[in-house]
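Trainee: Based on the provided sequences and hints, a complete structural model is requested.
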Amino acid sequence: MKKFYAIGEVSKIMGVSVQALRYYAKIKLLEPEYISPRTGYRYYTYDQFHFIDRIKYLQKFGFSLDEIRSILLRNDIDKLVTMLSKKKMDFQMQIEKLHDTIDMITWYHDYFITSKRENKRGRVKGELSYTSA
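Residues in the sequence shown are numbered consecutively from 1247, following my numbering.
Think of the hints as simulated: they come from the structure by calculation, not from any bench. There's no promise every hint is true.
Unchecked claim - Label-pair restraints from in silico Cβ distances:
1. D1349 / D1312: 35 to 45 Å
2. K1325 / D1349: 32 to 42 Å
3. L1330 / G1254: 24 to 34 Å
4. Q1340 / L1311: 15 to 25 Å
5. D1293 / D1336: 26 to 36 Å
6. T1328 / R1363: 50 to 60 Å
It should be emphasised that the depicted structure is a prediction, and the values quoted were computed from it without experimental measurement. Beta carbons are placed, not taken as given, at the ideal position from N, Cα and C, and that holds for glycine.
Mentor: Given below as structure tokens:
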């Protein structure tokens, strides 16, 4: 295993753009292990790959980079568990809202199909009134 990986290699291996890695360094989320004083090239270690994975999955869960920095730099598992529980509840609420929207769409869809059959011209007649169960 190599000691250092250039930023381009890390980008390809981890599926994170070079620009993102540079931005992570700028906001002090993930700084290269070594920057060559002669070339300015940024180098990362294999151990930092795990950190990049965490950044990626926390972003996927909807955390901002500021939140991620706070979570990872504190290294407080209790705080992380609390934040993950809250995110999970937020997503469950979003799912419930989406189910309600799907129910409403289904109701309107069925209403218009029935309305079209009853009114051969394909125009909407009467009042629409959806009530969720």
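Trainee: If a hint holds in the structure, say so; if it doesn't, say that too.
Mentor: Status of each hint after checking the structure:
A hinted range of 35 to 45 Å for the beta carbons of D1349 and D1312 is consistent with their spacing of about 36 Å. For K1325 paired with D1349, a C-beta distance near 37 Å keeps the hint of 32 to 42 Å intact. Take L1330 and G1254: their Cβ atoms lie about 32 Å apart, and the range 24 to 34 Å holds. For the pair Q1340 and L1311, the supplied restraint of 15 to 25 Å holds, since their beta-carbon distance comes to about 21 Å.
Between D1293 and D1336 the beta carbons are some 32 Å apart, a value that agrees with the proposed interval 26 to 36 Å. For the pair T1328 and R1363, the supplied restraint of 50 to 60 Å holds, since their beta-carbon distance comes to about 53 Å.
In the structure shown, no violation is registered for any of the earlier numbered hints.
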